[in-house]
Amino acid sequence: MDTLKVSRSNAASRPALIVAILLVTVAASIPIWAPEDVRSAWMREFVEIACYLVFALMWNLLAGYGGMVSIGQQAYFGFGGYVMLMLSNFLGVNPFLSVLLSALCTAAMSIPVSLVAFRLQGGYFAVGTWVIAEVFRLSFANLAFVGGGSGTSLTAFAGISKAMREQTTFWLALACMVFSIALVYIFLRSKRGLALMAIRDNEVAAESQGIAVQKTKLAVYVVASLGAGLAGGLYYLSNLRITPDAAFSVNWTAFAIFMVVIGGIGRIEGPIVGALIFWILNKFFSDYGSWYLMGLGSLAIVITIYFKQGLWGYAQQKWGWSLFPTQRRLKESIKGKS
Amino acid sequence: MDLLLQTLLQGALLGGLYCLFALGLSLMYGVMRLTNTAQGDFILLGSFTAIALIAGLKILAPENIWLPLLLSPLLLIVAFGFGFVLQRQVLNKVLGKDPLPSLVVTFGLSIVIQNLLLEVFSADPRSIESAGLNTASLQLPGGVTLGVLPVLILFLAITTTSGLQWMFNHTALGRGFRAVSDDLEIAQLMGLNAKRLYAYATGIAFMLITMAGVLQGIRTTVSPSDGPMLLLFAFESVIIGGMGSFWGTLAGALLLGITQQIGFRFDPGWGIWFGHIVFLLLLLVRPQGLFPKTVG
Numbered sequence: 000m001d002t003l004k005v006s007r008s009n010a011a012s013r014p015a016l017i018v019a020i021l022l023v024t025v026a027a028s029i030p031i032w033a034p035e036d037v038r039s040a041w042m043r044e045f046v047e048i049a050c051y052l053v054f055a056l057m058w059n060l061l062a063g064y065g066g067m068v069s070i071g072q073q074a075y076f077g078f079g080g081y082v083m084l085m086l087s088n089f090l091g092v093n094p095f096l097s098v099l100l101s102a103l104c105t106a107a108m109s110i111p112v113s114l115v116a117f118r119l120q121g122g123y124f125a126v127g128t129w130v131i132a133e134v135f136r137l138s139f140a141n142l143a144f145v146g147g148g149s150g151t152s153l154t155a156f157a158g159i160s161k162a163m164r165e166q167t168t169f170w171l172a173l174a175c176m177v178f179s180i181a182l183v184y185i186f187l188r189s190k191r192g193l194a195l196m197a198i199r200d201n202e203v204a205a206e207s208q209g210i211a212v213q214k215t216k217l218a219v220y221v222v223a224s225l226g227a228g229l230a231g232g233l234y235y236l237s238n239l240r241i242t243p244d245a246a247f248s249v250n251w252t253a254f255a256i257f258m259v260v261i262g263g264i265g266r267i268e269g270p271i272v273g274a275l276i277f278w279i280l281n282k283f284f285s286d287y288g289s290w291y292l293m294g295l296g297s298l299a300i301v302i303t304i305y306f307k308q309g310l311w312g313y314a315q316q317k318w319g320w321s322l323f324p325t326q327r328r329l330k331e332s333i334k335g336k337s
Numbered sequence: 000m001d002l003l004l005q006t007l008l009q010g011a012l013l014g015g016l017y018c019l020f021a022l023g024l025s026l027m028y029g030v031m032r033l034t035n036t037a038q039g040d041f042i043l044l045g046s047f048t049a050i051a052l053i054a055g056l057k058i059l060a061p062e063n064i065w066l067p068l069l070l071s072p073l074l075l076i077v078a079f080g081f082g083f084v085l086q087r088q089v090l091n092k093v094l095g096k097d098p099l100p101s102l103v104v105t106f107g108l109s110i111v112i113q114n115l116l117l118e119v120f121s122a123d124p125r126s127i128e129s130a131g132l133n134t135a136s137l138q139l140p141g142g143v144t145l146g147v148l149p150v151l152i153l154f155l156a157i158t159t160t161s162g163l164q165w166m167f168n169h170t171a172l173g174r175g176f177r178a179v180s181d182d183l184e185i186a187q188l189m190g191l192n193a194k195r196l197y198a199y200a201t202g203i204a205f206m207l208i209t210m211a212g213v214l215q216g217i218r219t220t221v222s223p224s225d226g227p228m229l230l231l232f233a234f235e236s237v238i239i240g241g242m243g244s245f246w247g248t249l250a251g252a253l254l255l256g257i258t259q260q261i262g263f264r265f266d267p268g269w270g271i272w273f274g275h276i277v278f279l280l281l282l283l284v285r286p287q288g289l290f291p292k293t294v295g
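Chains as they are written, first to last, in numbering that gives the first Met the number 0: chain U, 0 to 337; chain P, 0 to 295.
Misleading hints may appear alongside valid ones.
What the hints assert, rightly or not - List of simulated lysine-lysine pairs, DSBU-like, C-alpha gap at most 35 Å:
id : chain 1 : residue 1 : chain 2 : residue 2
1  : U       : LYS317    : P       : LYS194
2  : U       : LYS282    : U       : LYS190
3  : P       : LYS96     : U       : LYS190
4  : U       : LYS307    : P       : LYS96
These aren't lab readings, by the way, just hints derived from the structure by calculation.
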């Protein structure tokens, strides 16, 4: 008799894990092997990409899996940055520790915010979250103790050597990146993740199967906000100077959307591929200023209309690639036969 | 007392402008459930097109100051064509149950337009010359002073709103709009061409958007980066008013204008913030808006 087995991995996922561990090891040792003259620049660049990637991963979780398309995640990015700075500057918390604390504070903040945001659906949810982000921006721009509209600087690093600061920030960024990928991956493979994908595909049907739709959506919203706050705290740990206009700029979400759409929405590999492409494009074309941004916008439009699945989605369709398998496949095992 | 009256009147006049920003958004969402996140940038595109046209006309016919006014209907016809083609060629391809594609496309358009305007017109604020119309004022009894232009804008907002509502209730086109909005599948079974109706709706929305852009350009200065702010004011007006009702949108816009004006009275830095907060509170207590007609 045939026996059926649920398969949760594929041929590519195991070697991919080994390659990933190797890559992380190579990256983690950059402070040791990188040439002295470029080391600091490399590390700073890496931290920046890590922030973009974490932010995009979380946007992908929210929109691609949760079906909640937000244009307001910059609210949590900026909030994370400001909380990190306030904890370190005013309460004397170790800045590295306050990055992690700021992520938790951001997650806590997202719960009351969700009460308002969840009143809207679909396209109106997107613009509604943007209004909320503007409220965050205007609030911080009017708070005198964090410098109002002109912003403030992270002063808590006084007395720590530059090399030490940069190295620790770099390792923290790497750890946050790995943590975020693992968090999203584990979340999606869990029972909750399965429920989430069911909700995305059909909310009513999912609810009729006994899935707690509102609770699951809230969980995703909180996790995505935590990640956005983490990215923000990390970014301003490396950047040292924060202004409300930059921290709560809609460009953060615009770039996240771009990365996710290019790489392929609704798959973990999407934002990773997208972040790499975004980094390369940024390196070569960012000097073109507004022409560059026009190009990014047009590319996003063209891809959405003609190439919906994005780059990784294409690869997955064509060759069945999947580095982070989240689906459950039913397989017949041949053992029982003969 | 006078101060309160003055604040309320100024707020209502500001609301008239917001109503014109919002009607296009309300129309497009009402008919096809499309959220045009590039609404604000399209408004600015209208302002800057008018600025460029007037500059061009000044070179061609420097004596005739009435020429721009005579040519403005032409601009509205062009705007209709632009909206019609945009819907047919681009937006119709991304409509559907999933809001993501249409959001990404309109958001992408917003970035493209904003940067295009920045490249062509630079970041300097500009305005449309109106031979003194923007500074003329009316003296009312009781020491209240009102600008002629804001009053004109509020009047236009009220007439446009009633015109749209009339069209929806009494014309074949309006019936078609309501039908595809209420039940797309049945409407198509009855022989309505939804994609064509959507194109008409967007064409009309772009006439409204262009009108709003020109008036905004006359009333104050415009800069390429203003788009998101205009979008958010338009959006708040629509949501406060309730979806699918144009009178609701007008009421929402007036309420938003008054709220902001009250906020500005207390502190210029917090006026817009206060408007946003009142919007979010209203969303909490009355998520369906003041006068809802259609269901999301």
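**Asked** Of the hints given before, which are not true for this structure?
**Response** Checked against the structure, the only hint that fails is number 2, while the rest are satisfied.
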